[in-house]
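Trainee: Could you build all of it, start to finish, from the sequences and the hints given here?
Heads up: the sequence lines are chains A and B, in that order.
Every position in the first sequence, counted from 1, becomes a number in this note's numbering once 939 is added.
Every position in the second sequence, counted from 1, becomes a number in this note's numbering once 5 is added.
Please note that the accuracy of each hint is not assured.
[To be verified] Simulated restraints, written as ranges between beta carbons of each label pair:
hint, chain 1, residue 1, chain 2, residue 2, range
1, A, D1034, B, E335, 54 to 62 angstroms
2, A, E1022, B, S410, 53 to 61 angstroms
3, B, Q292, A, G947, 39 to 47 angstroms
4, A, R951, B, Q292, 45 to 53 angstroms
5, A, L1275, B, S273, 19 to 27 angstroms
6, A, F1381, B, P82, 49 to 57 angstroms
7, B, P36, A, E1022, 17 to 25 angstroms
No lab work stands behind these hints, which were simulated from the structure alone.
Because the structure is a prediction, the values reported are computed rather than measured.
Glycine included, every Cβ here is placed at the ideal spot set by N, Cα and C.
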Amino acid sequence: MYHTLSIGELARRLAAKEISSVALTQHFLARIQRLNPSLNAVITLTAERALEAARAADRRLEAGERGRLLGIPLIHKDIFCTEGVRTSCGSRMLDNFISPYDATIVTKLKAAGTVMLGKSNMDEFAMGSSNETSYYGPVKNPWDITKVPGGSSGGSSAASAARLAPFTTGTDTGGSIRQPAALTGVTGVKPTYGRVSRYGMIAFASSLDQAGVLARSAQDAAAVLEVMAGFDPKDSTSVDAPVPDYPTLLEAPLKGLKIGLLREFFEGLESRNAALIRDALKVYTAMGAETLEVSLPHLPLSVPTYYVVAPAECSSNLSRFDGVRFGYRCDQPKDLMDLYERSRGEGFGPEVKRRIMTGTYVLSAGYFDAYYLKAQKVRRLITDDFRAAFEKVDLLIGPTTPTPAFAIGAKVDDPVTMYLNDIYTIGANLAGLPGISAPCGFVDGLPVGMQLIGPHFSEARLLSAAHHYQQSTDWHLKTPGGYE
Amino acid sequence: MSAKESNWEVVIGLEIHAQLATRSKIFSGSPTAYGAPPNTQANLVDLAYPGVLPVLNGEALRMAVKFGLAIGAAIAPRSVFARKNYFYPDLPKGYQISQYEHPVVGKGSIGILLDDGAVKTVGITRAHLEEDAGKSLHEGLANASGIDLNRAGTPLLEIVSEPDMRSAKEAVAYMKKIHTLVRYLEICDGNMQEGSFRCDANVSVRPGGAVKFGTRAEIKNLNSFRFVEKAIQYEVARQIDLIESGGKVVQETRLYDSDKNETRSMRSKEEANDYRYFPDPDLLPVQVDEAFIASVRTTLPELPDEKAARFARDFGLSAYDAGVLCASREMSVYYETLVTALGVPHAKLAANIVMGELSGALNRDNLDIGASRVSPEALAGLMMRIVDGTISGKMAKDVFESMWSGGGTADAIIEAQGLRQITDTGAIEAVIDSVIAANPKQLADYRSGKDNLFRFFAGQVMKATGGKANPTQLNELLKAKLAGGGSG
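Mentor: In structure tokens form, the structure reads like this:
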């Protein structure tokens, strides 16, 4: 059926008029209606809009237009503003927020002829690693519905894994694309900071946030990233550099590629997970890659560094949610302070509050130097470590997460343990580097992801490396039972 | 200054907020025009909608650099926008984007003219770019406050002086000087009623001769030169009274109430917000290179001090007159246009009429020189008739008034009202003869030594010519006739 096909194959069939975008859309809408109730991955279904967009795509196809994504359905993470459609960011604060505009990536994907089926669940304001902080309730992992799908793009990862759409969009501030991709057995790409516009993506931590894609394969992800990427005059931090044609660069030969095995990523890693990464490395050496071990001495400091920088930025970014102009407003405010306190107190969930408080604290007079400035210095050291490593190797490889998916509820009462789930992914965000997580095996029936990290703007090489791996393995084709 | 105040030294520093005259806001494409209906000039960026991002308006940066160059300041090759965090309904993002540790304009200075004619240099610590907030509306709404975000995101240049001023007068002179400069540079319209140019004053006092500064109070949001002067005067007296009666000045923010002419405490240092400044991650550091600075430098006009010096030198004006004529760019342009039309030899005369009749008429009708009812070319037309003797200076005043009230060109008015001066010697002599003939007793008295009867005869002759006789000729001819020449 359609949901088992790659984006490339779907595009070929659409072009050959073997299928229509409307039929494709109806198929996926039906799957969502049937399969989503047990997963809670999709929190807004936009069936009518989807069919309208599909009809428009069919007309463009009919007129002879061709495009890699023309007529292809998708689900957007609910962090991206979508005009006329609720954009909740997983929060009660924005439960009533109908965005008056489209995020730049939404506009770009629309222009490419994609069809939005709906919006996916997520950790509230992208703060979480398990999708348990959502106002709309936790998302279940399709591989085992007692397990989390990862976060914060947990709705997108679960939807991709359950084949509710050919691909989904996500955002990655500390691992929020790669970690859920790993825990649900899909391919997740976090591009270089500045590669994809952040305009219209509700900010969590502006210097770390980056939009990306979750798909079945690196090949599918390449087609999507090629459309999403590029300079946006509305985002001062987006980079004005040409976008390579990722799909055509996938087949670039691997021979001679130098892959660095990150020593720090294996310390304390469960042996079965470690073994899967070493297996993946063998696949690469078999294809002609060279491997060597490298060390990033400051990398173990990335979690504490992140949990200063990200909350600091979020405490300021979330100040605009004040009950005045949009979003949740408390009932019958007595005065201005009451309006602020109750609107924010009732509109935000506990994890968001925890981070706002942490961030406010680290920016406060008397603590700023000890926390925020110190964290910025460590961030610089971590970035330098990566730079030094990339003088020796082309890519780094390691696990995406310390463990496979954990049980829903297992870590909710222990934020520090929860935060440690991002220990392998945060470094790339702090250094602004691109990273990919791709499925590389199973432990106890749950998928495990390997992570590739490259220098700035090395997405083409990363996608190509993941693609070569996926040409030699079939982990990425495994589908959870009941979703085949 | 009272005797009491003379024991104290006053120390003042100003933070001037000049609204930059860009067409759109500093971080969004919304227009900045004043007076539009509430919230019609606020887009999603100004309203701080989820997901929106700021993009720096390059024109605002260019204007800030222009100012920096005009005060001889170092332009930072790299400056950084920071977030100043606080909650207020007219601050949609919950933070103001400003420059904190790394402003675009570094140390500079400007000279002010003191009463004794000396020039005092006032240091400028820095000038930085920031966005304005919106405003809350409390009138006409029952049990509610409105918010107008039209002004939110309007670009401001905050110009911070050193604590170099020693009196309210100096503070006003400095503020006026900056006001003149930003208007010359065409980076601010200087409209104080609309809030385009306003300041906060940091005021402290210390015993004469002391080295250490006293504790300062900051008076917020002064939007007229008069208020700056009065607020500082009040504050200085308040602080001195307080200290002399055994009290202590506390560091605080105060508001000036112009109705009561007093300052009132707004919040103390302890209550002050912790703004939690940090670099804005949505905006990259601003890089300014030499080529950019050079390109801005080419747009610098002749600055007020340079122009005043040139006027004094080339037109033979006093430093004071040159300063007055250059106090606004429009005034200096008007004056120079007039001199060009009239010829440099008459520059002093031109200065007198611009600072006299013209300024008087403008003040009377409360007009800016740009809205003058008499153009410099038309005024030159009038003055030509003084210079060539067609009319007297006294007649010119009447002609000017006619021109001001729309009576046409000087020549047309002179013609229509028959004001042409009589310069025909024969005609004047004929009148003199008839006046002398009609007043034989006065003539006899004059000739017997009553010299002051000359004015009687001159008056009679002038009266008989309807005031049109050329006064110089009249005097000469009359003197000769009364002396009893052969023609008697």
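Trainee: Quick check: does the Cβ-Cβ distance between B:Q292 and A:G947 fall within 39 to 47 angstroms?
Mentor: holds (42 angstroms)
Trainee: Quick check: does the Cβ-Cβ distance between A:E1022 and B:S410 fall within 53 to 61 angstroms?
Mentor: holds (59 angstroms)
Trainee: Does the Cβ pair B:P36, A:E1022 satisfy 17 to 25 angstroms?
Mentor: holds (23 angstroms)
Trainee: Mind checking the hinted window 45 to 53 angstroms against the Cβ distance between A:R951 and B:Q292?
Mentor: With a Cβ separation near 47 angstroms, A:R951 and B:Q292 satisfy 45 to 53 angstroms, so the hint holds.
Trainee: Cβ-Cβ distance between A:L1275 and B:S273: within 19 to 27 angstroms?
Mentor: holds (21 angstroms)
Trainee: Does the Cβ pair A:F1381, B:P82 satisfy 49 to 57 angstroms?
Mentor: holds (55 angstroms)
Trainee: Verify the CB-CB distance for A:D1034 and B:E335 against the hinted window 54 to 62 angstroms.
Mentor: Because 56 angstroms falls inside the window, the suggested range holds.
Figure legend: structure checked against the earlier numbered hints; every hint is met.
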